[in-house]
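Chain by chain, the residues:
2 protein chains.
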Amino acid sequence: MDLATALAAFDRRDWQTADADDGPVRVAMLGLGWWTIEQAIPAVAAGELCETTVVVSSSREKAERVRDDHGTIERAITYDEFVAGEATDAYDAAYVCTPNAYHLEYVEAAAEHGKAVLCEKPMEASIDRAERLAAAADEAGIPLMIAYRMHTEPAVRRARELIDAGAIGEPALVHGNMSERILELVDDEQPWRLDPDVVGPGTSVMDIGIYPLNTARYVLDADPVTVQGMMASTHEAFDRVPDERAAFTVEYEGGVYAACTASQNAASASNLRVIGTEGELNVEPAFYPWQDRALRVTRGDTTIEAGVEGVDQMTEEFDYFADCLLSDRPFYADGEHGLVDMRAIFGVYEAADAGGTVVVDEVGR
Amino acid sequence: MDLATALAAFDRRDWQTADADDGPVRVAMLGLGWWTIEQAIPAVAAGELCETTVVVSSSREKAERVRDDHGTIERAITYDEFVAGEATDAYDAAYVCTPNAYHLEYVEAAAEHGKAVLCEKPMEASIDRAERLAAAADEAGIPLMIAYRMHTEPAVRRARELIDAGAIGEPALVHGNMSERILELVDDEQPWRLDPDVVGPGTSVMDIGIYPLNTARYVLDADPVTVQGMMASTHEAFDRVPDERAAFTVEYEGGVYAACTASQNAASASNLRVIGTEGELNVEPAFYPWQDRALRVTRGDTTIEAGVEGVDQMTEEFDYFADCLLSDRPFYADGEHGLVDMRAIFGVYEAADAGGTVVVDEVGR
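Residue numbers (my numbering), protein chains in the order written: chain X, 1 to 365; chain H, 366 to 730.
This is chain X alone, in the form it adopts within the complex:
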């Protein structure tokens, strides 16, 4: 990374090929939880290449309220109407931000309507359903992206470039944590993220442990090979999920080991650290969209730290999604990419349950 370039344009969009004249990609937002309303819709409004034109909810009233708050939104429909093919002339792509266990149904519907899909991670609540989700997109020939916003977070992209350029030698070890107090973040008395019928086998690894796991994968440019894990729940709100707290290790291709932790019931914190043979790289804070970033690299006696104002990660993600669509090129994180994480995450739960080491590629086969 050239220092002058970094100073002038740390957050440059090295992926962008389209401009506003090429767009917009009109997006239907599925699921009107706090993430969609407070993060996704404002992010799209702030971006260049997308526009929110349809909102979809189980509650027509809620959808209409959201529609009335935003000038670009033309249609407010229910999930059933979405599945039935309502308003297909009003959107080009669907952002699926429902609880995990409902992704498949709406991706299948979008695929049937021939719409591109941006699907939140983790892909689904089970590997089988995630496989069906990817297959539905494949069979319909629609573009499917899994929504890993770290892939367009500038600090993470710069970290990946630095590692690729040998700034820390060969990567050897990784540390990553993501933690938050979910009970204080959501209003629901019974959050779906703590309901195994909806979230999947657990909450902390599934919902936020995926950040260190996948971001390490991205900056290392290496897939997970084996995993181990330990986890426990003691708080009564977590009595249906095994992982109020979790620690897990991931072996990546090339023999890099990552030591990760995640908790939905610990102080909000996030970081990613990569230790190489020649130096060390840190992104901290790393994973929450509302914080400024710091990227610190140490090699020998020299430390360089870049402190940067946080970009809107969701704006970057939506514009990247649209940019790929408008220029007709594949997404970095497609269905196959998401499936590898699904196997790794389920492997962590399997390993924690059985006490062993789990081969990622064998999970769910």
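Since the hints were made in silico from the structure, they are not lab data. Yeah, the Cβ is synthetic: ideal placement off N, Cα and C, and Gly gets one too. Heads up, some of the hints might be wrong.
[What the hints assert, rightly or not] Here are the simulated distance ranges between beta carbons:
| no. | chain 1 | residue 1 | chain 2 | residue 2 | range |
| --- | --- | --- | --- | --- | --- |
| 1 | X | ASP187 | H | GLU403 | 56 to 64 Å |
| 2 | H | GLU429 | X | VAL225 | 49 to 57 Å |
| 3 | X | ASP187 | H | ALA597 | 34 to 42 Å |
| 4 | H | ALA369 | X | ASP301 | 30 to 38 Å |
[Stated by the list, open to error] Partner residues aside, some chain X positions facing chain H, computed with beta carbon under 10 Å:
| no. | residue |
| --- | --- |
| 5 | ALA172 |
| 6 | PHE248 |
| 7 | ALA354 |
[As the list claims (entries may be wrong)] Far from chain H, by Cβ distances over 12 Å, these chain X residues were calculated:
| no. | residue |
| --- | --- |
| 8 | LEU7 |
| 9 | GLU74 |
| 10 | ASP128 |
| 11 | PRO191 |
| 12 | PRO196 |
| 13 | VAL311 |
Dock chain H against chain X, hints included.
Just chain H now, with coordinates in the frame of chain X:
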């Protein structure tokens, strides 16, 4: 921690009861490797309560050269002479800093001579020998301390106090790494730390992974309960040990999980991070004696960071050792303390080998 006190005396010796008039404790140094010569002997000379009076080496010439360089050293003897009881009138305590597999023999000899012992960690190259080492001290009634210099590192003591005072709520998750390029740190063509006959079952977890493992234990005031691990060696210099790189997880009493890494073939780096229910605490750099320290604590929107000039950790350790002896009080890290770490470390190797979760208290039984 009172901020005014922290500013005035971050590195206060809250453990000290004796003064220079009560001493010195005269120390025989066993093993004249670089650590003893470059770290331990200067540290004792800089301290208040100890004096190096005897040096012991396999090479009489080397011992005499070291003796001639230091005014306080009266006697330069061989290991055989030490075991036979030479110079027992010239020292009160023995610092055993030989390769791991030789600790037992010299602790047994010191015990036979009725001398106090400061024994380097890990205690020995096998659990059986470590048990015999602790038993030898017990049976002879001599005071035995295992040399964990982090227990008297001011940043670590302040971290422990802060955690105990609830500064980060209940501790939930820990991250710790220690890494170094051992081949560049030592001159030997075949370093003993890579020789399983001398070091024990491995090098990275055994020799430096013990730092995050034990320092977490110390700041949490909780013992390790179960462990998991993954490790590999690819560099030819590491072909007799399994852990050129290692990642391991430790469950501590109270359900705190630590995600740890260690490598004897990665960039020199060290850190300890504790994430609690209310905040996060970092010591970085953490474990190398020649660096200044930073202790950073975040709770909500408030971060307080203390940057402090590194004390000489070995001076603190030797003076603490002497202070306990002079005031006739027990050491924090006695033989039983060291044995728990031995079981945990061997458990990590066992877990990595078998791919399971290992109960620390069952290891080596």
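Find the hints from earlier in the document that the structure breaks and name them by number, from lowest to highest.
Number 3 only.
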